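From first to last, the protein sequence lines stand for chains U and C.
Position 332, counted from 1, in the first sequence is what numbering that gives the first Met the number 0 calls 331; the numbers after and before it change by one each time, with no gaps.
Position 513, counted from 1, in the second sequence is what numbering that gives the first Met the number 0 calls 512; the numbers after and before it change by one each time, with no gaps.
No lab work stands behind these hints, which were simulated from the structure alone.
What you are looking at is a predicted structure, and each value in this text was computed from that prediction instead of being measured.
It is possible that part of the hints are untrue.
Calculated pairs, DSS-like style, for lysine-lysine (alpha carbon to alpha carbon, straight line, at most 27 Å) [to be verified]:
hint : chain 1 : residue 1 : chain 2 : residue 2
1    : U       : K499      : C       : K499
2    : U       : K107      : C       : K499
3    : U       : K149      : C       : K149
4    : U       : K105      : C       : K105
Estimated spans, in silico, between C-beta atoms of each pair [unchecked claim]:
hint : chain 1 : residue 1 : chain 2 : residue 2 : range
5    : C       : E442      : U       : H186      : 56 to 62 Å
6    : U       : D82       : C       : P270      : 45 to 51 Å
7    : U       : H186      : C       : D446      : 46 to 52 Å
8    : U       : G264      : C       : V584      : 52 to 58 Å
9    : C       : E442      : U       : E442      : 41 to 47 Å
10   : C       : D446      : U       : G264      : 47 to 53 Å
Every beta carbon over 12 Å from chain U, so not counted as near; a handful from chain C, in silico [stated by the list, open to error]:
hint : residue
11   : R2
12   : G159
13   : T172
14   : R217
15   : D221
16   : L565
Built from N, CA and C at the ideal position, the CB exists for glycine as well.
There are 2 protein chains.
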Amino acid sequence: MLRTHNCGELRKTDAGQTVTLCGWVDKYRDHKGIVFIDLRDRYGRTQIKFNLADDSDIQKTAWQLRYEDVIQVSGEVTARPDDMANPKLPTGEIEVHAAALDVLSKSKTPPFEPDGQNLPNEELRLKHRFIDLRRQELQQAMQVRHRLTKAVRDYFDELGFLDIETPILGRSTPEGARDYLVPSRVHHGEFYALPQSPQLYKQLLMVAGFDRYFQIARCFRDEDLRADRQPEFTQIDVEMSFIERDDLIETIDGLVAAMAESARGESISLPLPRYTYHDVMERFGSDKPDMRFGMELVDIAEVAGDCDFGVFKNTIAAGGRVRGLNAKGAADKYSRRILDNDFKNLVGEYGAKGLAYFKVTDGKLDSSIAKFFGEEQQRSIIQKLGGENGDLLLFVADSDKVSSAALAALRNHLGRDLELYDPSEIQCCWIIDFPLVTWNEEEQRWDAEHHPFCSVVPEDVPLLETDPGKVRALSYDLVCNGYEAASGSIRIHDAAVQQKVFDLLNISAEEAERRFGFLLEGLRYGAPPHGGIALGLDRWVMLFCGYDNIRDVIAFPKTQRASDLLTGAPSTVDDRQLRDLQIRVVE
Amino acid sequence: MLRTHNCGELRKTDAGQTVTLCGWVDKYRDHKGIVFIDLRDRYGRTQIKFNLADDSDIQKTAWQLRYEDVIQVSGEVTARPDDMANPKLPTGEIEVHAAALDVLSKSKTPPFEPDGQNLPNEELRLKHRFIDLRRQELQQAMQVRHRLTKAVRDYFDELGFLDIETPILGRSTPEGARDYLVPSRVHHGEFYALPQSPQLYKQLLMVAGFDRYFQIARCFRDEDLRADRQPEFTQIDVEMSFIERDDLIETIDGLVAAMAESARGESISLPLPRYTYHDVMERFGSDKPDMRFGMELVDIAEVAGDCDFGVFKNTIAAGGRVRGLNAKGAADKYSRRILDNDFKNLVGEYGAKGLAYFKVTDGKLDSSIAKFFGEEQQRSIIQKLGGENGDLLLFVADSDKVSSAALAALRNHLGRDLELYDPSEIQCCWIIDFPLVTWNEEEQRWDAEHHPFCSVVPEDVPLLETDPGKVRALSYDLVCNGYEAASGSIRIHDAAVQQKVFDLLNISAEEAERRFGFLLEGLRYGAPPHGGIALGLDRWVMLFCGYDNIRDVIAFPKTQRASDLLTGAPSTVDDRQLRDLQIRVVE
Chain U
0 MLRTHNCGEL RKTDAGQTVT LCGWVDKYRD HKGIVFIDLR DRYGRTQIKF
50 NLADDSDIQK TAWQLRYEDV IQVSGEVTAR PDDMANPKLP TGEIEVHAAA
100 LDVLSKSKTP PFEPDGQNLP NEELRLKHRF IDLRRQELQQ AMQVRHRLTK
150 AVRDYFDELG FLDIETPILG RSTPEGARDY LVPSRVHHGE FYALPQSPQL
200 YKQLLMVAGF DRYFQIARCF RDEDLRADRQ PEFTQIDVEM SFIERDDLIE
250 TIDGLVAAMA ESARGESISL PLPRYTYHDV MERFGSDKPD MRFGMELVDI
300 AEVAGDCDFG VFKNTIAAGG RVRGLNAKGA ADKYSRRILD NDFKNLVGEY
350 GAKGLAYFKV TDGKLDSSIA KFFGEEQQRS IIQKLGGENG DLLLFVADSD
400 KVSSAALAAL RNHLGRDLEL YDPSEIQCCW IIDFPLVTWN EEEQRWDAEH
450 HPFCSVVPED VPLLETDPGK VRALSYDLVC NGYEAASGSI RIHDAAVQQK
500 VFDLLNISAE EAERRFGFLL EGLRYGAPPH GGIALGLDRW VMLFCGYDNI
550 RDVIAFPKTQ RASDLLTGAP STVDDRQLRD LQIRVVE
Chain C
0 MLRTHNCGEL RKTDAGQTVT LCGWVDKYRD HKGIVFIDLR DRYGRTQIKF
50 NLADDSDIQK TAWQLRYEDV IQVSGEVTAR PDDMANPKLP TGEIEVHAAA
100 LDVLSKSKTP PFEPDGQNLP NEELRLKHRF IDLRRQELQQ AMQVRHRLTK
150 AVRDYFDELG FLDIETPILG RSTPEGARDY LVPSRVHHGE FYALPQSPQL
200 YKQLLMVAGF DRYFQIARCF RDEDLRADRQ PEFTQIDVEM SFIERDDLIE
250 TIDGLVAAMA ESARGESISL PLPRYTYHDV MERFGSDKPD MRFGMELVDI
300 AEVAGDCDFG VFKNTIAAGG RVRGLNAKGA ADKYSRRILD NDFKNLVGEY
350 GAKGLAYFKV TDGKLDSSIA KFFGEEQQRS IIQKLGGENG DLLLFVADSD
400 KVSSAALAAL RNHLGRDLEL YDPSEIQCCW IIDFPLVTWN EEEQRWDAEH
450 HPFCSVVPED VPLLETDPGK VRALSYDLVC NGYEAASGSI RIHDAAVQQK
500 VFDLLNISAE EAERRFGFLL EGLRYGAPPH GGIALGLDRW VMLFCGYDNI
550 RDVIAFPKTQ RASDLLTGAP STVDDRQLRD LQIRVVE
């Protein structure tokens, strides 16, 4: 080894030892001819002091050191005088007095310092990712990611799960997102597809009898990317046989606790709360409620249908809903301009045509539309929303779907803006009893809410033929701080039930055979009851680190245009490569 | 859970308990109206006895059970009479007397039984992989693979290595094998490439200061496949900073011991032996010597140059080599037909024009060409090869390269055929001091023996300009039972030395910049001395399982034509998908 110690471990008790350290020049000070540098590596920083005769080779070399040079230094560990100690550094009580210096590698002047100060734009940082990765935050993210995945593997190993690799070069079975395709050289005109998830393989592993499977699996979606998505992402993929829904949920409860413990040293109290889809849609307008704060939705249909405010009254008459929420003590926080513009635009993004609001003043509603509500109606509204003087009550009158989405967005905005929670806190919950299918108005058909292999709550099976919209699925989402952090289901293991669901989804026998034939074939040869889940690893690391940029938890991420600015991927390729593959780019 | 126990855990001490088991019908016997089945799951097999009234529903259902049906059975654990116990099964002392039976899933008649008897051809088994995976051997392989990777992760975690994921969608930098390409939809005419290894990324992680990295990484090579290759494979990928060659080798020694312990419960004695390239080429004719047996090559140049046998004499005169090996006691094992046909063809595959052989009889050489060797010469040959009566001595006279390759192949064949080793034994060794470059006669240029980033033994640097063929690389291979099981090197971390090597390899500055520009740029901003290695995981699992088919250690492997017979990948895709990607298949 080129070093005896790393830059994070020397203490006062090591004083007197001769050590050799390696690392990067992090700080550099020339103080009256004495050179001080902070030497940095993954483990920490140590102060090195060069105080030799001016004409010594070492001193001359030390004067020429610059930021990010890589050096090897030997010398004696020396305790600093108490008034010179740096209490912020674990190594702050000592310094190393250099007796030998070897420059292992000079650095060009870097385009930015990795000290986290004056960060340049992300594009420049992605291009020089090898420098940006030296930053404390990214070093930290990779360490959390390592500890987290280690904890996941240890947890599942302990429970007898097998870590089994499934193929990356698979078959295209497009569903939801687009597949990334890989032309085959050997099979002319044919393509592999990169997996959107190992779903079909893991179900086949259950058919094969592996009983308990997990994998930390790379998945791919050729989507137009949102801020928190990457074309390739990693999921913790799980499947179990001979279980029921609650067995799976309990297993994942334990996993979440193990992850929190490893990443943050926090203990999470179990079981994680479970809510039905119906319940959270009523209370929060969303199946991904942020549970770090309250501010639940309140239905005022009774008052609204009876008042003189046309918008409310007509909405109720048309079968719509009028619901609101109470921004406690926020009556004077927002100007009319913000309420009428920003907030109205926010709910408008979800299709809501308007936003009604009242301040509570002297126990009454205070607003330009307050006059449309009688005294008793005002009291009733205030009481239902638990209003007190100084509160701001906000209402959306619209269809169930639109009012839910609009109020959920408004609630999230207010929760963040009013600082109703500690951003570093993590609150997870399960959402269960999702509808099996949702009606696709545009295409006039039922779509699978989860996926076509999702099983049905047994007592709802008869409804498949009579009232499909009411059928509850044996699916479950794990929601964390308002994000969908995991999603899974008990699968159909019976070919006949599977056929019924395909019929409902208007998937013909031919189409099913073409897309999922190999899974269906598997189900015919002795499939155990089974179910599973997938957790988005990148998302979990982000949550545990408290970061809000998914690229900060991935070593070599891609931009929203799916480019790797470091390597320049994707790129043009040699004509010979395309000739070998017998494909051509169409102009 | 749908079961209280698994099918491998009940013992005599459990007698009297009421249990519920789930699994597959493995064996089925109807003995005078009493149905016996062996119920199978991943954990073992348990005998179930159905001995109820003939008209009971359960008995009727039991009569209809068939192989591979999935059932749930409840009943009392009952000790079998001693003479009915099955000592071959861990559960053989008990049986469960069924009181309840639920058929969870009927199976169609499977195309073959997963009991390992009468195995059909591999094609049929790959097509029904979900049945073949139920076989003991494949269940075993997946468990060994799981344990092995767990041991690898634990080992590196303990040593402070970080598990860091590198991209699958990367940049095409073709080298050696062909890249698999992925057309970009967003960037018209551009492609990602699937990585042949994370080489460049892991070096950049060292530049970024991560110091100790490992990953169990999926890699891809679009090659025409050999029997033991797959288009996608998994490697244990490792890189370390601030180390020298021997530090890396010691680290991997410990890894090999940890793997052997986890996979086989065997302890391997360390350090693993190290041999120089020159040494093993002389002694075994190969840089991948199988060390489970001796039978070393012996040079008889002195005698050969002086004898009357033209082939030997002329070879020596032309600067070639005459070497042989001693197949102890095999004088009567092989007929002349085998020697003159099979063995001659074998060495012929490596370019050798002939094979000379002698039996040792009465202390003399016995062969049609023995007459060309004087008594003293015969004695000298016999003595050099340690010959005794009954031995068979075989010789190849050719160039150094051809005679090495031919004799190495012959040695491997004889070792196996003469059963000179225990096939279940594992013998690993390191090969070091490889040449940095080899002369490519065809293209009249120097090729990198390992890869262009491989560093040089310091005292050989001056030879780069004067005698490149003599320059030793700081590379190392780990050879196991004659396979290259790992390969690595200390990398160049100095841009100037890197330039010298590129010059030698005739890689122009432009080409280097185009292919590896992002790595070179990284090296300019403070690169630590670093090195690493990659171990072929599939190969190691195969070695530890003692299997000889790589497909038996991969859950969903591909054929030698790179097809997945289970899913039908690769396949044609929708025109819409190709339109989205703006590519076309060329007829």
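Tested hints:
1. K499/U <-> K499/C: Roughly 69 Å between the alpha carbons, so the hint for K499/U and K499/C is violated.
2. K107/U <-> K499/C: holds (20 Å)
3. K149/U <-> K149/C: At roughly 10 Å apart (the allowed maximum being 27 Å), K149/C and K149/U satisfy the hint.
4. K105/U <-> K105/C: The hint is violated at about 69 Å.
5. E442/C <-> H186/U: 56 to 62 Å: Given a distance of about 31 Å, which is not inside 56 to 62 Å, the answer is violated.
6. D82/U <-> P270/C: 45 to 51 Å: 50 Å Cβ-Cβ, so the 45 to 51 Å window holds.
7. H186/U <-> D446/C: 46 to 52 Å: violated (31 Å)
8. G264/U <-> V584/C: 52 to 58 Å: holds (55 Å)
9. E442/C <-> E442/U: 41 to 47 Å: The hinted range 41 to 47 Å is violated for E442/C and E442/U, with Cβ atoms some 59 Å apart.
10. D446/C <-> G264/U: 47 to 53 Å: holds (52 Å)
11. R2: violated (5 Å)
12. G159: The assertion about G159/C is violated, with a minimum of 9 Å to chain U.
13. T172: violated (8 Å)
14. R217: violated (6 Å)
15. D221: violated (6 Å)
16. L565: About 5 Å separates L565/C from the closest Cβ of chain U, which leaves it inside 12 Å; violated.
The structure is inconsistent with the numbered hints 1, 4, 5, 7, 9, 11, 12, 13, 14, 15, 16, although it conforms to all the rest.
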